[in-house]
Amino acid sequence: MSKTSESKAKALSKKTLEKQKNILEMLKSHGAKIYDDLDNGLFPKFSIPSRSVSNIVYDKKLRQYILGNSSALRSSKNTSQLRSFTQLMWLAFFANRLTTEKKSSTLRDIYYSSQAFEIDFEDQGESDNIIVDLEAVTTRPREDFHIFPEERSSIFGDLNIEYTIPGYEGKTMNLSNHPDGYAIGPSLTTAELVDTSAEIVIAIEKGGLFTRFVEEQVDKKFKSIIINTGGQAPRSTRTLLKRLHDEMKLPVIILTDGDVYGEHIAMVIKSGSANAAHLRELTVPDAKWVGVWATDIEKYKLPTIPMTESDIKRCYDLQKDPRYLDGIWKKELEVFLRLKRKAELEAFSKYGLTNITDKYLPQKLELAKSL
Amino acid sequence: MSSTKEKYDQISPSEFFYRNRDLAGFSNPTRSLYTAVREFVENGLDACDQRGILPDIRLTIKAVDPEKPDPKQYILTVKDNGPGIESKHIPLAFGTVLYGSKFGLKQARGMFGLGATMAILYGQITTNKPVTVKSSTDAQISNEYELLLDIQKNKPVVLKHKTKEVAKKGLSVSIFLEGDYSKAGSKIRDYVYQTSLITPYASITFEDPKGEKYQYPRMINTMPKPPTVIRPHPYGTDVETIRRMMVESQFEIPTIDDMMIEKVRKDLGLSKKNLSFTAIMDKARKRWKTLSRQVRVVIALMSFLKMDFEKLNKIRIEDLDVPNKKLFYWDFSDSQSKSIDMDPESQYYKQLTNTVQGETLTAFLTKKFQRVGPTTAVKFAKFAGFKPEKRLGTMTNQELAKLSESLQKYDDFMGPDPSCLAPLGEEPLEKGMKKFFEPDFLTVIQRSASAYSGFPFVVEMGIAYGGNISTRGIKVYRFANRIPLLYDEGSDVVLKVVNDIDWSRYKAKGDPPLVIVSHICSTRIPYKTAGKENVADRQEIERELKLCIQFMARKLSVFMNKRGQAEAAKKRANLYAKYVPLIAQFCTELAGKKKEPNYQKILQEEKSIESEQKILQEEKPIENE
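Line by line, the protein sequences give chains A and B. Take any residue in the first sequence, note its place counting from 1, add 11, and you have its number in this note's numbering. Take any residue in the second sequence, note its place counting from 1, add 1306, and you have its number in this note's numbering.
These aren't lab readings, by the way, just hints derived from the structure by calculation. Incorrect hints may have been included.
Stated by the list, open to error - Within a straight-line C-alpha distance of at most 25 Å, the following computed DSS-like cross-link-like pairs (lysine-lysine) qualify:
1) 39(A) <-> 1901(B)
2) 1899(B) <-> 88(A)
3) 231(A) <-> 370(A)
4) 72(A) <-> 217(A)
5) 1737(B) <-> 44(A)
Said to hold, decoys possible - Partner residues are not named here, just some residues of chain B that face chain A (Cβ under 10 Å, in silico):
6) 1714
7) 1715
8) 1737
9) 1882
10) 1889
11) 1892
12) 1895
13) 1903
14) 1908
Stated by the list, open to error - Over 12 Å on every C-beta distance to chain B, these chain A residues come out as not near it, computed from the model:
15) 31
16) 42
17) 58
18) 87
19) 129
20) 190
We treat Cβ as the ideally placed atom computed from N, Cα and C, and that holds for glycine.
So here's chain A without its partners, still in its complex pose (with noise of 0.2 Å):
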């Protein structure tokens, strides 16, 4: 590792700290604002962006979705918001802890813990949604707060990081090392990016095309980091995305199955989703989709399945939002509609097992250049 690199991590770990002292504090000034209303005889109440539909608006300058200007009065006197200002109270709480003792924690783990507390979540969904409350409140994605979801993502490829949790802090790794890939999980997504010799990111949907390519060395044939999003990307990858998009300035592409909902995981790395339109630091807005698109079935002659009706409905029901209006979101949207059929990245097996990373990927890189 170069001289230069371990300052540069040094600065990185030194503005994690300095993050991480201002989420203290946030979460400190909330705790101390209920604290005096209860010790003056009120019953202590605060204000959440509203997340209703009505809410969510389209920021063309951010390229994403953002929250509106409404928001609700979270008061705990309202019986019927007791108990969840309560939740959101201890999931604060929680967090608080989770942070200043650089402890991780699932989605999954925050439910089963809360039980050890008296708070009763009646399932993980309503704990996941109280996560998103205190994402809503303090801005901050919950990742800041230690609380990840359950890994299902991996990354590949040549990339030194340097871990910031507890017990590792220092210990650097490359991502080569292990053909399987490394989870995206809370260490990952916390550790300082050193360096890399690649030159490009390519996000896949799919676990099996990822392992085909980590056989086919795409990394090295292309120079490439290879990351399986597993579906819909989960929030950390998104994060790491964005992160090796703005801190190694690496350009961005994704690979989905041709189909609609292929074309919305895409479009959710690049612009966020609608769920998530109270946090800003999850887009890539630079990231290109290069396909599958439905344009590519025709010109490939991919093996086909028809569309289901619930695709068609969700063809039609992107054409109504405001990101899909123009250029190959649109054009492909169309396509899907006209063709009523879809096809998968597997499809590409049907002209041999490397052909997609042999004659498809390579011209897909080039066209990226153009995109």
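Here the structure of chain A is known, so what remains is to put chain B in place on it, guided by the hints.
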């Protein structure tokens, strides 16, 4: 007490009923056992009601041979503490069919006492064993009879008669009968349970064949006012009724026997003297104003016969032929029928024709009907197209039909007199329901009397909610003239009205623990079927029922609202007590403090609001208290 003395009359033979016993509810062992219980219990209650005695009814059913399978012979005994029946009436009352005392229009549970006799008849047919009747009218001597019915002759056969010293008044009837308690049991138990609910002033005990005792002690010590016997209302009559009433109103030519002659002599002051025909007529003219109608008729007859008492004693009047002005008589002395002409100019002629032709229309109407005075009678006669002085005896069948029809059509009769009705009354009904159900909420209402087709009726109802009521959903107890209606409830007007109500509007949602007691009293309940288990949906009755239920449901909804508020306040306090300490705990650590904030202030504030609402509740825990 002469006004409440029952009249006993013999009406019709038992043969007919023997052949038609199905109609009276004695079609099979199950139904018969149940019907017999009902008849005897209702007779006992009626007897007590009529004399203002708080009833004490003891019902026992015992199997003759408990080991045998059903159907088998049972001994059914019902004992009451009523006035008892005079010894001389007992054989006829229990040993003939259609011998009863419940005539006239007033509300009573049964009719004519016919049912009890039918039960005795059924028992005798199925077991060939006599009925045992024990009766004491004076609380000293009990007359005990064993009787059989002679079905062909409709006459009682007394097998045993003895007297015994006793300490209590009352009647006990015991019959053997073929029955099926395993099937009829639940029906009988329901009947006893519901009867005690609608008769809270009665004490009822029932010992069943298994030795189980069901005891329903007296819940109140006041009896509802006994009903009075009243004349029928014009709207409630038909041609047949009028014909029957007319027969009663016509004066018959009295039988001239020794007793009659003795009476005439006495009234003329001639008990000892024998006067000639002309002397008797003179005497009669002088005393005319003091003479009774019967005596006047005899004098009138004598005036045409031109006979003294001695001669009069030897003839019998056969017929009075008004159109031909002839008087026919049988002469015992020469054993032949003779006739004489009557002079229509004679004052005695009018006396006789008036007697035979009956009363004038107006007199008939005012005397025989309620709500008809002399003015109304004249107005009605004009309306119907009759002369007011028209004699009833001269009416043709067509004219009778016209009269009957007009009685229904005439709008200006006042509504029927409800004094013949005996509703339970709001207070007894409420007390009864309170002890029965111990509910959280209870309200009752008695509507004022109304009428359908000339029959007066009164509806009273009660609603009980919560408390000891364990049934889910609305349970309706239906009563008519204090008799529980146990079956066929689906087609009953009460059920119709209850089901038409949108109970959720009155805050009784889902399957509320709600009991409705409905009691319809009338001189004639409009039953839908011969089974007398369901009341027909007469518009007038339906309206009254609806008004009752709406009135009570509104009260229920007020109660439910208050209760809802109190429950909500309590729930809220519980929620605060659970969550606020947690919030305090979490924010203390978040804020980096050691000591928890003083959150007791807001909890106490909430408690004071809650207790305020509780006080409001306690002021009126039960409506109508």
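A quick look at each hint next to the structure:
1. Among the hinted pairs, residue 39(A) with residue 1901(B) is consistent with the structure: their alpha-carbon atoms are about 15 Å apart, no more than 25 Å.
2. Taking the CA atoms of residue 1899(B) and residue 88(A), the gap is about 23 Å. The hint holds against a cut of 25 Å.
3. With a C-alpha separation of about 16 Å, the suggested pair residue 231(A) and residue 370(A) falls inside the 25 Å cut-off, and the hint holds.
4. For a cut-off of 25 Å, the pair hint linking residue 72(A) to residue 217(A) is broken: about 31 Å separates their Cα positions.
5. Distance restraint check for residue 1737(B) and residue 44(A): the Cα-Cα separation of roughly 59 Å exceeds the 25 Å cut-off, and the hinted pair is therefore not satisfied.
6. Because the beta carbon of residue 1714(B) sits about 64 Å from the nearest beta carbon in chain A, more than 10 Å, this interface hint is broken.
7. For the restraint placing residue 1715(B) at the interface with chain A, the shortest Cβ-Cβ distance is roughly 66 Å, beyond the 10 Å limit, so the hint is violated.
8. For residue 1737(B), the suggested interface contact is broken, since its CB lies about 41 Å from the closest CB of chain A, more than 10 Å.
9. Below 10 Å, beta-carbon pairs count as interface contacts, and residue 1882(B) has one with chain A at about 7 Å; its hint therefore holds.
10. Below 10 Å, beta-carbon pairs count as interface contacts, and residue 1889(B) has one with chain A at about 5 Å; its hint therefore holds.
11. The beta carbon of residue 1892(B) is positioned within 10 Å of a beta carbon in chain A (closest approach about 4 Å), and the interface hint is therefore held.
12. Taken as an interface hint, residue 1895(B) checks out: its beta carbon lies about 6 Å from the nearest beta carbon of chain A, inside 10 Å.
13. Among the interface hints, the one on residue 1903(B) holds; its C-beta lies about 4 Å from the nearest C-beta in chain A, closer than the 10 Å criterion.
14. The restraint placing residue 1908(B) at the interface with chain A holds, with a minimum CB-CB distance near 6 Å, inside the 10 Å limit.
15. With 12 Å as the threshold on Cβ separation, the claim that residue 31(A) sits away from chain B holds: the shortest Cβ distance comes to roughly 16 Å.
16. For residue 42(A), the non-interface assignment is contradicted: its Cβ lies about 2 Å from the closest Cβ of chain B, within the 12 Å cut-off.
17. Against chain B, the non-interface label of residue 58(A) holds: every CB pair exceeds 12 Å, the least being about 17 Å.
18. Against chain B, the non-interface label of residue 87(A) is violated: not every CB pair exceeds 12 Å, the least being about 6 Å.
19. Some Cβ of chain B comes within 12 Å of the Cβ of residue 129(A); the nearest lies about 7 Å off, and the non-interface call is violated.
20. Remark: the non-interface label on residue 190(A) is consistent with the geometry, its nearest Cβ contact in chain B lying 45 Å away (cut-off 12 Å).
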